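With the hints as extra help, turn the sequences into a complete structure.
Chains as they are written, first to last, in the working numbering: chain B, 708 to 994; chain E, 617 to 1064; chain G, 31 to 240; chain F, 151 to 408.
No lab work stands behind these hints, which were simulated from the structure alone.
If you're wondering where the values come from, they're calculated on a predicted model, not measured in any experiment.
It is possible that some hints are incorrect.
As the list claims (entries may be wrong) - With beta-carbon atoms standing in for the labels, derived distance ranges:
1) E:F1055 / G:R35: 50 to 60 Å
2) B:E993 / G:D195: 45 to 55 Å
3) G:H89 / F:L205: 42 to 52 Å
Every residue, glycine too, gets a C-beta built ideally from N, C-alpha and C.
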Amino acid sequence: MESPPKLTFPELFLQLDRRIIYSLVALAVAIPLIWPIGLPIRITPEVQSVFDKIENLPEGSNIMMSADFDPASQPELYPMMKSVLRHIARKKHKVAITVLWPNGPNLVAQCIEEIKLEFPDWKNTEDYVFLGYQVGGTIVIIGVGNSFVDTFPKDFYGSTTSTMPIIKDFSRLGQADYMIMFEAGNSGDWWIVYGTEVHNVEVGGGVTAVVAPQYYPYLQAKQLNGIIGGLKGAAEYEMLMEHPDMAVSAMDSQSMVHALLFVAIVLANLFAFIVAMQKRNTARREK
Amino acid sequence: MKNNLSQAAIFLLLLFTLSLAGFAQEPVEPSAPGDGSEIEALQGADIVIGLEPAVSEPPAVNVPLPESATLDDLANDNGTGVVLQFPASPGETAELTYTVLIGESAGGPWTPVAEFTADTTWKEDEGHFFPAFYWFEKGRDGKTIHAVPIRNLGENVPLETGKQYFVKLQSALGGTTAEYPEVLSATPRENWFDTSKTNMLILAVLFGATVLYFIARARRDPNLFIRKINGLDAVDEAIGRATEMGKPILYLNGMSTLADLSTLAALNILGRVARRVANYESTLVVPCRDPIVLTVAQEIVKAGYADAGRPDAYNEDNIFFLTEDQFSYAAAVCGIMMRDKPAANFFMGYYYAESLILAETGANTGAIQIAGTDAATQIAFFVTTCDYTLIGEELYAASAYLSREPLVLGSLKGQDMAKLFMMIVIVIGTLLVTFGMHFIKDLFKALG
Amino acid sequence: MQFFRKQFPILLAFVMGMMMFIREFIPAKIAINLYEGFTNWAIVIVGFSALFAILSLLHHHVNKIRRKVPGHGYSIVTIVAFVQMLILGLIFSVRPGTPVGWEYWWLFVPMQATMFATLAFFIASAAFRAFRARTWEALALLVAGLFVMIGRVPIGEFISPYLSDFAGWIMNNPNMAGLRGVALGVALAQIAISVRIIFGIERTYMGGGD
Amino acid sequence: MLNLAILLQAESQLLPWQQSMSDFFTGSAMVTIGTWIAAGLTLVMFSFIYKDNALFRLGEHLYLGISAGYLMSLYFFNNMKPVFIYQLLPFLDPSGDSVLNLWVIIPGILGVFILLRLVPGLGWLSRTTFAFYIGGFTGITLSKVFSGLLLPQFYATIDVIPYAVTSGPDFIKLLNALVLFVGALSVLVYFFFSVEHRGFVGGVSRVGVYSLMIAFGATFGYTIMARVSLLIGRIQFLMFDWIHVEIIQRFATIFRGG
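Next up, the structure:
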């Protein structure tokens, strides 16, 4: 039985076993976590404009926040939300939080608990109100534009919203000085079309990297004032806050895996081209 | 084909000029019906002599004052606002600050409600309250008229509808203040038509009528022209090469339900594929994720085989329900691909994150792959792993091209006409704006 | 009776659609009250449709168990998980620091997050074996993708600031222009569907139900 | 007496028994148990990359059940009670802040019509509810799509092309303006189906395809970034929260005489 034809390196590369590829990726993630490289993180203008807006608002301004994602995007949007919420608590802004995706509320509740540890005097119903989840998607956005109390008679913890101190001068979307929304899908479009455009509230988008490109047309049309895109955006925000956290520590691994995939795609296409050329030459020679 | 397009173009240009003419008839700020106060206001200033004499010591320095000022009901609001308008005073500079005071009686207690420097609060910036001015008279000779909407009495106590309010205007320059001699008055009224949304209304009626018109036409004449979608040639070619090898063909209708437009489009294309495959030996495998889509797919394939004159070749077990869970469905389909090694894979309809698992496994089995989806986030993965990809609306066009179903066909043609209108306006608007004329562009500003 | 089954819903959809559309052009208070009233009612209705969705999910799994369909064992797991989560939730509410809060954080989050994290491995194997520039368009896509992928991470910015500037330029200009064209198309499609629903031409949303 | 949350909606100030329960579930014992279970489930779900297996399916169905149960509780606390039951029967509300609003009966009845779809033969009643809700909502959509999406995006596309090319930055502005004008317009032409794509129109639609390809290329690059971030997040959990790698790191530095 004659031995199989000696595989050239390009052919070997193209038929690389799946298990090798997976272990390469796992290593590219794990190694930088153990021995961090500390590549500098450059701030992009899109993230800077969201940070500047929250930083330059006078203390105690009203900020509307919506966390429309579920655990599937938790690794990306949770660090981003925590960093922005830390910024809001540091600047003592008033914040009202809603959730449009059914599986999301406990992520926000957990984030609030963690921020309360850092800022003990950050009071529920005075500095923040967690309105929680309400069924309806776009209808909730329209409802929040009319009035918080009608759409959320009770907040996430079950207390009545109408008697809360924060509701006195922040009772609907129109009274917000700024809005920040965390999006994993196109519910961000609904917020712009049915919420912020109607009540002309400036809004910034904290989005997963999957949907970030879809929000750039809104940025150019000035319907959005900034975009925090993916875990990289979260890392930039953490650097701006001078409070490096989960996102910054992940950046080295992110770089390594991207480098690995970049090389893989380029080489694979190159070798595929070479192999195709070789086949065509041998085929022409046999004819 | 020729007349169909030209007809539509004339139809649109006619409507376009009509809407322009419609606009032009509003030389003067349109007053809402049943709201008299504005018209009188325009004939002459609403002069009410203040009871206590407006005695102010002779100004040490000459403080500019506007020559005229008017106070009217605020347009396009729910009756809780009045608006003070006055042309820029001669010789006003940025240092000059105006203060507006409001009172509930002619001599009544005055509460300051607005304070601004002379280089701000222009009529141009209040597009919502002065749409006609914004669209037709704006920017002719720079910013000349101040406009101050007044909607509350100091600390956000809204004005009451139907109650008369009085306003005084003061200007101050370097410590000395001067007061506009007259005390103006007006009554806020509820407006019944928001003139700032006129452009939206015209466009909505225009687009809506176009869509309805073409749906009606599509009902009468189903072969309205649609260009050949070269994606369909790719589908036929793929079927041809697959049936030569006698290997099975895999067809997916997407992960969504019948409520999704792209699932309906996928089922239309399935009908064509079934008709082509019927008179060859290769089997057509259709694993489904939604029970309702399954029953519809079975009917379509059976009808396809019957049309091709091969009802006997139809085998219902090839169109089956796998599972509803997203990732298990993807894994099961990959199992079929690796086991039966289909020669052609079709990924039509709406897909989520699992699209890559399907397309990658399929690419490795060396099958010809054709995809068609409007899921923007997944198109990139199909383009890089499949031989041909129908993108977004092309999928709907392919289904309209095949099924000639009036609803889909008419909507597509209606949207095409709207696109034609948009393309014309973008080209003309950009040219005009580049050479300084903002007229066309401003017509499409959402002032609402 | 036939009227209520067929004609009345279509008439009601037309009246409601026209009313809520025209209301947009009337600033008067009555239009605002109508808007708020419809929204508050809609939230109650949508609440019931969420309840219906959950009940039909249970109905589906219970059927699978009753008919002993292969793989019905998994359905038992789903039903048991649902019931225990519902009872604990109703008794102790769902916030962190309750049994449901604990289950959410230590069972639900890891499972769903990991399910989508597996995609990174499939992307890696596709990078080696499937992403091919088969056509000129696919080549353009891959080149743009590679520049954005490497330019938008610290290593790209480290290699050269121009790389990261170029990635930023791609995002803010060609990407924005391309998706602007798509967005305008989607807006038109939404308008067309809305018109069809209001004028009763499109009725699939009403569902069978008879 | 065990205050059942069904009757008493726990106020934001925790009652004594709720406080002790909260301390228990956020205490270190339950966190450690939770971490081990979460790590186990993470590995089970990762097993999918090798082969779809029974454990993975079990995990998937477990997570479906949990999510449905979680949604049902949430729906009951945030929607059914405050928006419907408390307004119909305000005395049920422990905080006593709810006011009777009989109007809520009408949407309640319309809502029950939807549930009647489960009863064979009564499903047609739900059409009235869909007609009311979706009809009204479509009317809102038709107007808002113009003011919120079509007009602003359309207005932003009609932009100045700075034709006067002086040296320096103006060239960039000119390039960006042309990319916007040509890119957006050519995509519209590509999705125009009423004319054959030949000659000039064919050329412009070819440009449209490439404009789309670059846009989808950006989505391709960003989606890869997203999936990788998800993987890193999970591996970070396994390494730092579960195996506490940082302890091993400290040994490593001591061992290296750090």
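Results of checking the hints against the structure:
1. E:F1055 / G:R35: 50 to 60 Å: The hint (50 to 60 Å, Cβ to Cβ) holds, given that E:F1055 and G:R35 are roughly 52 Å apart.
2. B:E993 / G:D195: 45 to 55 Å: 50 Å, holds
3. G:H89 / F:L205: 42 to 52 Å: 27 Å, violated
Against the hints set out earlier in the document, a violation occurs for number 3 only.
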